[in-house]
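So the protein sequences, as listed, match chains L and G. Just so we're aligned, residue 1 is where the first sequence starts under the working numbering, counting upward by one. Just so we're aligned, residue 1001 is where the second sequence starts under the working numbering, counting upward by one.
Careful: at least some of the hints might be erroneous.
To be verified - Taking lysine to aspartate or glutamate pairs in the DMTMM-like style, the calculated list, with each CA pair at most 20 angstroms apart, reads:
| no. | chain 1 | residue 1 | chain 2 | residue 2 |
| --- | --- | --- | --- | --- |
| 1 | G | LYS1067 | G | ASP1082 |
| 2 | L | LYS330 | L | ASP249 |
| 3 | L | LYS330 | L | ASP475 |
| 4 | L | LYS332 | L | ASP475 |
| 5 | L | LYS176 | L | ASP475 |
| 6 | L | LYS288 | L | ASP468 |
| 7 | L | LYS123 | G | ASP1195 |
| 8 | G | LYS1274 | L | GLU168 |
| 9 | G | LYS1274 | L | GLU89 |
| 10 | L | LYS410 | L | GLU387 |
| 11 | L | LYS36 | L | GLU168 |
| 12 | L | LYS123 | G | ASP1268 |
| 13 | L | LYS150 | L | ASP108 |
| 14 | L | LYS123 | G | ASP1192 |
| 15 | G | LYS1067 | G | ASP1107 |
Hints are computed from structural coordinates only; laboratory data are not their basis.
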Amino acid sequence: MSSSNPLRDPADRRLPRIAGPSGLVIFGVTGDLSRKKLMPAVYDLANRGLLPPGFSLVGFARREWANEDFAQEVHDSVKEHARTPFREEVWQQLVQGMRFVQGTFDDDDSFERLRETIGELDKAQGTGGNFAFYLSVPPSAFPVVIRQLKKHGLADQSSGSWRRAVIEKPFGHDLKSAEELNATVEEVFAPDQVFRIDHYLGKETVQNILALRFANQMFEPIWNRSFVDHVQITMAEDIGIGGRAGYYDGIGAARDVIQNHLLQLMALTAMEEPASFDADALAAEKTKVLGAVKLPQDLGENTVRGQYAEGWQGGEKAVGYLQEDGIDPKSKTDTYAAIKVEVDNRRWAGVPFYLRTGKRLGRRVTEIAVVFQRAPHSPFDHTATEELGQNAIVFRVQPDEGITVRFGSKVPGTSMEIRDVSMDFAYGESFTESSPEAYERLILDVLLGDSNLFPRTEEVELSWKILDPIEEYWDKHGKPAQYPSGTWGPVEADEMLKRDGRSWRRP
Amino acid sequence: MKIDLTDTTASKINKALVKGRRAIGTPAVGMVLTLVIVTDEENAYDALRAANDASREHPSRTLVVIKRVSRSPRDRTKSRLDAEVRVGADAGTGETVVLRLYGEVSDHAQSVVLPLLLPDAPVVVWWSVDAPRDPAGDPLGALGQRRVTDSYAAEKPVHELRSRAESYEPGDTDLAWARITPWRSMLAAALDQIDCEVVSVEVAGEESNPSVELLAMWLADRLHVHVRRAVSAGPGLTQVRLETTGGPITLHRSDGAMATLALPGQPDRAVALKRRETSELLAEELRRLDPDDTYASALRFGVDRLGGIPSATQRAEASARGPESLPVRQKAPDPDPAPSAKTSEPALSASPAADSDSGRPTPAQMPPVKKADSP
Chain L
1 MSSSNPLRDP ADRRLPRIAG PSGLVIFGVT GDLSRKKLMP AVYDLANRGL
51 LPPGFSLVGF ARREWANEDF AQEVHDSVKE HARTPFREEV WQQLVQGMRF
101 VQGTFDDDDS FERLRETIGE LDKAQGTGGN FAFYLSVPPS AFPVVIRQLK
151 KHGLADQSSG SWRRAVIEKP FGHDLKSAEE LNATVEEVFA PDQVFRIDHY
201 LGKETVQNIL ALRFANQMFE PIWNRSFVDH VQITMAEDIG IGGRAGYYDG
251 IGAARDVIQN HLLQLMALTA MEEPASFDAD ALAAEKTKVL GAVKLPQDLG
301 ENTVRGQYAE GWQGGEKAVG YLQEDGIDPK SKTDTYAAIK VEVDNRRWAG
351 VPFYLRTGKR LGRRVTEIAV VFQRAPHSPF DHTATEELGQ NAIVFRVQPD
401 EGITVRFGSK VPGTSMEIRD VSMDFAYGES FTESSPEAYE RLILDVLLGD
451 SNLFPRTEEV ELSWKILDPI EEYWDKHGKP AQYPSGTWGP VEADEMLKRD
501 GRSWRRP
Chain G
1001 MKIDLTDTTA SKINKALVKG RRAIGTPAVG MVLTLVIVTD EENAYDALRA
1051 ANDASREHPS RTLVVIKRVS RSPRDRTKSR LDAEVRVGAD AGTGETVVLR
1101 LYGEVSDHAQ SVVLPLLLPD APVVVWWSVD APRDPAGDPL GALGQRRVTD
1151 SYAAEKPVHE LRSRAESYEP GDTDLAWARI TPWRSMLAAA LDQIDCEVVS
1201 VEVAGEESNP SVELLAMWLA DRLHVHVRRA VSAGPGLTQV RLETTGGPIT
1251 LHRSDGAMAT LALPGQPDRA VALKRRETSE LLAEELRRLD PDDTYASALR
1301 FGVDRLGGIP SATQRAEASA RGPESLPVRQ KAPDPDPAPS AKTSEPALSA
1351 SPAADSDSGR PTPAQMPPVK KADSP
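All chains, full assembly: derive it from the sequences and hints.
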C-alpha cells in the first residue's frame, strides 16, 4: 500500500481502515466455528464496508459441494448468525468471490486445485495474490495442512503480496508440543505472518483494559501491591462439553482456557505501560509479565481441579462429566481448574492472582476482578462497617460487557451504616454497528497485517512454562474433585482461598 | 415511562428526570453526551427516532427543542414551555426530553437547555432542518462542542455550503459530509491499490444534493486537480471518475445501493454502497467529537471553484427558459426563482430569509464576497 495516497490523511478519522485486496481461505469450513463465527464475521465486515472490493472467500473441506452449495451454506449461516441486518447488495458483492475446493488434507490434487482457484481469483477478483489461510482444523491436522501449503507453493509470497496463516487454539498441549508446532508453522510462514487467534483479545472490554489503565490518571497510582489485595480472573461456562468429547478428554479446562485466555487477560491486567501502542511494544510488556510469573511452592495447596457431577444447571438436569458420551468413566480430565500464581516484580510482589475456569458452573461469565485492600484505618466503629467488603474494579468481559466499580456507601436513613454498592458502566451494547464481534476485529486485523491483538510465539511458550508444572503435579497426585453441575465449583476451591483469608467473588 | 409537563420550567423538568429514573429502578446514569436536536413539529418525529437509534451506540440525554409558531399576535407575546420527559424503553438508551416552546421563550431556548445538560459530558447540537447561518454564533449552537447541520435539508444546498464555509468554526460538521464517508473510503482504497497520479476528476450526482459538491471539493482539495461537477438523475451520487496516468478509475452507482468499481488492468468489482439512514449518519457523527479538519479543508476549498457547476446566472437563465432544459430534475430548481416571481407569500418566508438574512444572525461576519455573483 502506498503511503503517498493523497486521499489518505491521518487527520481524516472518518475513513475506516479497509483491508487491501485479499482473500481468505478457510480450512474446515464445515465446522461449527466457521458457520457460527467466521462466515458471519466476514459478512458483517462486508456490511460495514471494511472489506476490499473483490474480497474472496474460499472454503476447503471434504464435503462434495459445488461453489453454489458453499454459497448457500454461507448464506444460511449469515442469515442465522450475522450481527448486522442482511442486505442483498452486500451479499451480491460477497458471493462473486466465493469458491469451494473439495478435498482432504493429504490429497495433493485438491491442494493443486486450491492453487488454481487462487490464481483464478487473482484474475477474476483482483485479489493480488494476498491470501490468509484460516486453519479451523483439529490440532492433529495442523502439521499436515501446513506442509501441504508449503509443498504446493501456497505459502510463497511473491513480490508485494502476502500469505498469512491464522491458527486457533490449542497451540500445543504442553511446552514441547507447542515448540514443535511453532517450528512447523514458522518453517513455512514467517513469524510475523502467523496470527494466533485468541478471540478474547478482540473484545472491546479487553482493549478497554488498556485504555482504562493507561489513558487515565486515577487508576494507575493504585494499580500495585500497595493498594491491590488480590486479582481474580474467572471464565465460567454453563454448558458441558457437548459433542466435543474427542477433543476435550485428555486436554481439560486448564490447557483449554487458562493457558491462553486467562493468562493473556492476566498479562494485560498486570503489565507495565508499553512505550507505544504498537505490536512490538505490547508484546514486549506482556512477555515480561508472563516471564515474571511464579508458581507457589506447594501446588497441592494452591491449585484445584474438578469435574462436574450430575446436577441441575439453570433449571435443567445435567449429567456428570464421567457419564457424558465418549468419556472414559475413569477419566482424570479436569473440567474445572483454579490456580494461584504470583507476579514476581516490584509492582506485584506478594499479590496473588487467582485464575479459575470451569464448565457447568452457575452461569456463563468472564470477568477480571481487581480487589483492593481495606482502608488502613476506619473512623467508623465496627458495627457501622460490618457489611462493608473490599473495594473492587471488575472488567466484565462477557456476556454483558462493561466495568463495575464496588465501593462502600452509607445506607440512607440509618445513623451510620456502611455497605457495598456497585456502579456499572456499559458502553457500546453489542447490537450496534460500532461494537463488533471479536472475530470481526481479528479477521480484519489479519487482513491488514496488524498483529497487536495476537499472542506471539514467546507468549505461548511462556504460558506453557507456567502451566506445565501444574499439569505434571496433577498427573502424579490425586484426582479431580467432583462438583455438582450448576454450582460455582468444588468446595476445595473455596478452601484454597479460605486458607489465604479470602473468598471467591460470585460473578 | 413518560411524564408530561405543561407550562413548566427547566428545574421542574430536572425533577421529573430524577423521578422517572427512580421509577424505572435504574438510578445510575451511564450517558456519554447530551444531544440537542433543534427541529420543528413536522420533523421532530423522524429526528427523534434517528436519535434514539443512534443512542444505542451512544447512550445520551436527548433534548428536542421544538419552536412552536404562534398564529396570533396575542399568542406570540404569551410565553409557555411544555415538556415531555421520557425515560426507559420510550427513550432508546438514555433519556429524552421533548421541549415545546411557545411565544417569547422560543427566542431564549438556550435558557431552557442549559440547566438540562448533563454535567461535564460533551454537548452536540443538531439542526435537522433550518440550521442557522452561523451555527457557532447561535445561542444554542454556542452550548455545543459539536454542531451538526444538514445542508441536504436546505432549500438551496449550494448556497448553504457557501455560508457554511463562511461561518465555519472548529466543531462544525454536516450530515451531507457524513453521507459520503463510504464513497471516500472506497476511493481512498482504490488509490491504495494503484500507483498512479490523478490528472482530473468528474463527480456526478443529482442536482440539489450537496454531498456531490462536498465529495468534489474534497477530491479537489486533496488531489489538487481540476474537478468537474456533473449533473445526473440520481439517486444521490452516481459516479466518480478519476483520470489517472495509469488509466481511468471509476466508481459508478446507478441504483443507490450497488456500485461497480473499475480499476485499470483489473476486473470490475461490485461494491455495496448503500445510502445510509439518518440514525447511522448521526451515530457516525457522535463517534468523534473533535474538530473535523478534513471537512473544514474541503469546505474551504469553495464550491465556486469546482468546474462544471452551472453558475448562478446560467441557472437563472436555465430556469427562465423553462422546464424542458432540465428534463430530469425539473422540480428542484423551481423553488429558486419562485419567491421573487410569486408575490410575497408568508408561507415561503424561509426562502427569502436565506437569501437576504445577512442582517439577522451575524451582522459582523461574512464579507459577502462570494455572493457578488448572485443575480
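For each hint given before, does the structure comply? Return the numbers of the non-compliant ones in rising order.
8
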